[in-house]
Amino acid sequence: MGKIRSINLNQGTNMPMIYINEIRVFENIGLEGDRYSDPKNDRQIMIVDGSLYD
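Under full-length UniProt numbering, the letters of the sequence shown match residues 1 to 54, in that order.
Since the hints were derived computationally from the structure, they do not count as laboratory data.
One thing to keep in mind: the hints can contain errors.
Lysine to any residue pairs mimicking SDA-like chemistry, simulated, CA-CA at most 20 Å apart [unchecked claim]: (1) 40 to 25; (2) 40 to 28; (3) 3 to 45; (4) 3 to 50; (5) 40 to 9; (6) 40 to 10; (7) 3 to 23; (8) 40 to 13; (9) 3 to 52; (10) 3 to 44; (11) 3 to 24; (12) 3 to 25; (13) 40 to 29; (14) 40 to 26; (15) 3 to 21; (16) 40 to 50; (17) 3 to 51.
All figures in this text were calculated on a predicted structure; none of them were measured in a lab.
I would like the entire structure built from these sequences, with the hints used as guidance.
Below, the structure is given as structure tokens:
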């Protein structure tokens with residue numbers, strides 16, 4: 001089973017990522033407040049293998 005190591009929010013173009021401890025996630029929409037949060041967008045959530053950052 002995987003675990004969440006980091007939650008990062010993208011607020012907009014050319015804006016720094018925000019690292020947060022908790023967030024609301026909506027099915028078929030994405031993360032609340034994220035720039036990609038949209039039912040028409042297929043980039044709602046990105047999951048990355050943690051070994052890439054170890």
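Hint-by-hint comparison with the structure:
1. 40 to 25: holds, 16 Å
2. 40 to 28: holds, 9 Å
3. 3 to 45: Distance of about 15 Å is within 20 Å: holds.
4. 3 to 50: Holds. Residue 3 to residue 50 sits at ~9 Å (cutoff 20 Å).
5. 40 to 9: holds, 18 Å
6. 40 to 10: OK: residue 40 and residue 10 at ~17 Å, within 20 Å.
7. 3 to 23: The given pair, whose Cα atoms are some 15 Å apart, holds under the 20 Å limit.
8. 40 to 13: holds, 18 Å
9. 3 to 52: holds, 14 Å
10. 3 to 44: holds, 19 Å
11. 3 to 24: holds, 17 Å
12. 3 to 25: Distance of about 16 Å is within 20 Å: holds.
13. 40 to 29: holds, 8 Å
14. 40 to 26: Since the Cα atoms of residue 40 and residue 26 sit roughly 13 Å apart, the hinted pair holds (cutoff 20 Å).
15. 3 to 21: holds, 13 Å
16. 40 to 50: violated, 28 Å
17. 3 to 51: holds, 12 Å
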